[in-house]
Amino acid sequence: MNYLEHIGKYFIMLKQVFKKPQKWSVFKETLFREIEDLGLKSLGIIMFISFFVGGVVAIQTALNVDSPFIPKYLIGFATKRSVILEFAPTFMSVILAGKVGSYISSSIGTMRVTEQIDALEVMGINSLNYLVLPKIIATLFFYPILIILAMFLGIYGGYVAGLLTGKFFSEDYISGIQLDFNPYFIKYALIKTLVFAFVIATIPAYHGYYVKGGSLEVGRASTQAVVWTSVVIILLNYFLTQMLLG
Amino acid sequence: MIEVKDLYKEFSGTPVLKGISTTFEKGKTSMIIGQSGSGKTVFLKCLLGLHIPEKGEICFDGRKHTELDIKSRRQLRKEIGMVFQGGALYDSLTVEENIMFPLKMFTKNSFAEMLKRVNFVLDRVNLVDANKKFPAEISGGMQKRVAIARAIVMNPKYLFCDEPNSGLDPNTATLIDNLIQEITKEYDIITVINSHDMNSVMEIGEKIVFLKDGVKAWEGTNKEIFKTENETIVNFVYSSNLFKKVREAYLNETNQ
Chain A
1 MNYLEHIGKY FIMLKQVFKK PQKWSVFKET LFREIEDLGL KSLGIIMFIS
51 FFVGGVVAIQ TALNVDSPFI PKYLIGFATK RSVILEFAPT FMSVILAGKV
101 GSYISSSIGT MRVTEQIDAL EVMGINSLNY LVLPKIIATL FFYPILIILA
151 MFLGIYGGYV AGLLTGKFFS EDYISGIQLD FNPYFIKYAL IKTLVFAFVI
201 ATIPAYHGYY VKGGSLEVGR ASTQAVVWTS VVIILLNYFL TQMLLG
Chain B
1 MIEVKDLYKE FSGTPVLKGI STTFEKGKTS MIIGQSGSGK TVFLKCLLGL
51 HIPEKGEICF DGRKHTELDI KSRRQLRKEI GMVFQGGALY DSLTVEENIM
101 FPLKMFTKNS FAEMLKRVNF VLDRVNLVDA NKKFPAEISG GMQKRVAIAR
151 AIVMNPKYLF CDEPNSGLDP NTATLIDNLI QEITKEYDII TVINSHDMNS
201 VMEIGEKIVF LKDGVKAWEG TNKEIFKTEN ETIVNFVYSS NLFKKVREAY
251 LNETNQ
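Protein sequence lines correspond, in order, to chains A and B.
Under the working numbering, the first residue of the first sequence is numbered 1, with each subsequent residue one higher.
Under the working numbering, the first residue of the second sequence is numbered 1, with each subsequent residue one higher.
This is chain B alone, in the form it adopts within the complex (with noise of 0.2 Å):
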């Protein structure tokens, strides 16, 4: 489990997180919601250990990240999985070395069984024909699904990602997220989304954090968020006539 307790940041005296408080569970694709500039982004960074909170403690299954010293804190890391928003993907090495980077540099495996576990992971993710091209040479959704494969290449047991299937159509958006569902159910792990596609979160939120101006407003889950009365989430994620009728419709198929 993940816990967040009370997570202050701040940049140049402006604060971004204001007392952030959650926890996020294994085998549950937890996702964090809210507008632009909500803090989304550096709430999920301050969870990688990317940025260091001013205030507030992060556990990963009792391990205290904010506490940790440079070298515990990389090891942890290797037990964390991260898919960017925009793939970030290392230029200058293919799809196939991409993937194998984490082995090379953190197990002792020849290179027939890191190649054998790309290959296996390759496939997991639907992607099959793509070892030797390099990213630019394959489209967005492909460029996705390879990051997905390299943050599960090392099995990791936390698994984040910063919008995963923006800029992707609504039919390569569906797949990514049913893949990530997968995964977080197949391999038993702490998923966290971050995340502004609505049909994500009904889909596959079983927690949902809604974050509004570097607070916690809401948290509940993808079946909790069609019943809420509360005002600012209902706002944020109502705010189209279409999910006004899918909610309707939802209410009234559950009142009959």
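Just chain A, same shape as in the assembly (with noise of 0.2 Å):
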């Protein structure tokens, strides 16, 4: 199969994805089960990370601009900014793309699989809708706060860097993530995190829904989610970056 019915195939999909649940109280009930397991399951992980991360951004800074005519206050400035408009909505993306998306393309394939899919159509109900829309509000619900919080964490990590290596002092740190503080790279964030996060949810499901034969297959669909959820939030990136800032 070429890419373009790839796409067509995955548009279809969205089109019955898309449609009201054919019962509220079960659409709750699943959503909220999607939020503890996409959102409150990778709590852990994004916080790890985005901590250490932030403390490698303003490290690295700290050694690059070491030198007496540039202000030190720039370590902090630099790494809220990459912090910011970079590392928590694209890198954290990209790590939620790996555990998030393999987890739905491998339960959805494994549900496919084993013939739960078919069990569900049987019943009547419109498994697409029952399986992948509450995923899609769960992650469009949960990743802006995830991402919000790997944003105060990363900057956070960055201070603790400080205080622990002493390349830099805090007060300077403070100053600088003070500086030409510009709400709208955080609007730009969250925007480039809803449309990750749709992209997170829809595109593993897609690989999981369509898989066909066995474990094997599940495991191969799971990778090549993972790979293409990665691929296209990195081009989508590239143009939302052009597009909102650009």
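Honestly, the hints are just simulated from the structure, not real lab data.
The reader is advised that the hints may include incorrect statements.
Unchecked claim - As a list, the in silico DSBU-like pairs of lysine-lysine whose alpha-carbon atoms are at most 30 Å apart:
#	chain 1	residue 1	chain 2	residue 2
1	A	K20	B	K71
2	B	K133	A	K41
3	B	K78	A	K9
4	B	K71	B	K45
What the hints assert, rightly or not - From the structure, some residues in chain A lie toward chain B, with a derived Cβ separation under 8 Å:
#	residue
5	Q22
6	K23
7	T114
8	E115
9	Q116
10	D118
11	A119
12	E121
13	V122
14	M123
15	G124
Model, not experiment: these values are computed from the prediction.
Beta carbons: idealized from backbone N, C-alpha and C, even for Gly.
Join the two chains, each given in its own frame, into one complex according to the hints.
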């Protein structure tokens, strides 16, 4: 199947996904379960990575601006900009594409090969709407929260790195992060996050839903899902940056 | 009654079903048999609407399944109960939640009413103390019973089973066969079973449709299968010495 066919099939899938849920009470129940599985269970890894990435960005910046002509507050400023504009929304989304994408793809794929999706269809349930819509809503709702948390922790990670390594003073770092704060950058990061959240929920769902075969194919679909989700995130990041900041 | 007329299905240009016509009646256990690759599963999936046939008609009590729109087809499917080969139970839900699932989706009953119905069907399939267990925690035979319980919880008009006793020991397989037949009589429903198990065919096959290479090669009852001279079905059903002897004994008994 060529790429165009896959793209067409993906959009046909979305048409089935965006239908009114057959039973709101069941949808609500599934949504809360998805928020837990896709959002809350990702909190730990996001907190851990963002904290250390922030620290590394601050140290790297400090090492590269070791000149008396460059003010030290630039370390805090650069860390804040890097974390808010790229590391939190894009880097964390790629991490989530790996963690959550493989989970979505393999769980839906396993349901496909064990005929659980057929069982839903035979009951008269729109399986795409039942399985994928709560995942989309859960990611759209929870990922902005995760990314905002990642921003705070990334910047805080930089601060702690300064304290621990002694490469820059915390006062300089704090004045750096307070300097030239542009709220539009937060908006830009959140717009990107929402787009990436949608991609993270739907591309792996597509790969899982249309898997054919057995466990080996589910594994392959899962790998493909992560690869394609990451590729699409990187490409969209390029276009969104040009559109929103260019 | 389910009427199938001239059903034709192909995959990538390769015909799998080549003009099958038959009927399945109320209160009877009908069986589809045939070698692997004969088109049994595809036929069953066409009946369920999971495959759309290229040609032909499937009528559920006068409603042409093949011509219904998605909404009407979903409505019809609410009247269908299906027991999948592997059970197809939802891994993340307990036995109780699995059976309650269709009730939650399609009824406005209170939780207490739904639980009462779940316990009733679990009792009907002789499964007690399994409500809170997950599918992975129960045996294959128990999973089949849960699948049957889930299939009948909505009081279906049509019950389909894909190899309901595959992978089960002979004792449990017989229990499952008897259970399906009892349910068919008790609720006066149309039951269609896809099976390889000749024991089941002889025991509960009130109507047997034999498929060979995508065509209906023979049709009859479990009594007629003993007497038939049709070489194709005789070669298939009586391929083992045991069944040959059973047939001889039956024929001798009926001739005396």
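Verify the interface restraint on K23(A): the C-beta must sit less than 8 Å from at least one C-beta of chain B. The hint holds - K23(A) has a Cβ within 8 Å of chain B, the shortest such distance being about 5 Å.
Next item in the hint list is V122(A). Is there a CB on chain B closer than 8 Å to its CB? 4 Å, holds
Hint consistency between K20(A) and K71(B) [alpha-carbon to alpha-carbon, up to 30 Å]: 13 Å, holds
Does K133(B) pair with K41(A) here, judged by a C-alpha cut-off of 30 Å? 24 Å, holds
With a cut-off of 8 Å, does the beta carbon of E121(A) approach a beta carbon of chain B closely enough for the hint to hold? 6 Å, holds
Restraint outcome when Q116(A) is required to lie within 8 Å of chain B by C-beta distance: Q116(A) check passes; min Cβ-Cβ to chain B is 5 Å, inside 8 Å.
Interface hint status, D118(A) versus chain B (Cβ within 8 Å): 6 Å, holds
Proposed proximity, K45(B) with K71(B) (alpha carbon, max 30 Å): Satisfied, since the Cα-Cα distance of roughly 18 Å is no more than 30 Å.
So, A119(A) near chain B? Judge it on the closest CB pair being under 8 Å. This interface hint holds because 4 Å falls under the 8 Å limit.
Hint check: is the beta carbon of Q22(A) less than 8 Å from a beta carbon of chain B? Interface hint status for Q22(A): holds (6 Å vs cutoff 8 Å).
Is it true that the CA of K78(B) sits at most 30 Å from the CA of K9(A)? Holds, because 27 Å separates the two Cα atoms, which is no more than 30 Å.
Identify whether the interface hint at M123(A) stands, where standing means a beta carbon of chain B within less than 8 Å of its own. 5 Å, holds
Of the numbered hints given earlier, the model fails none.
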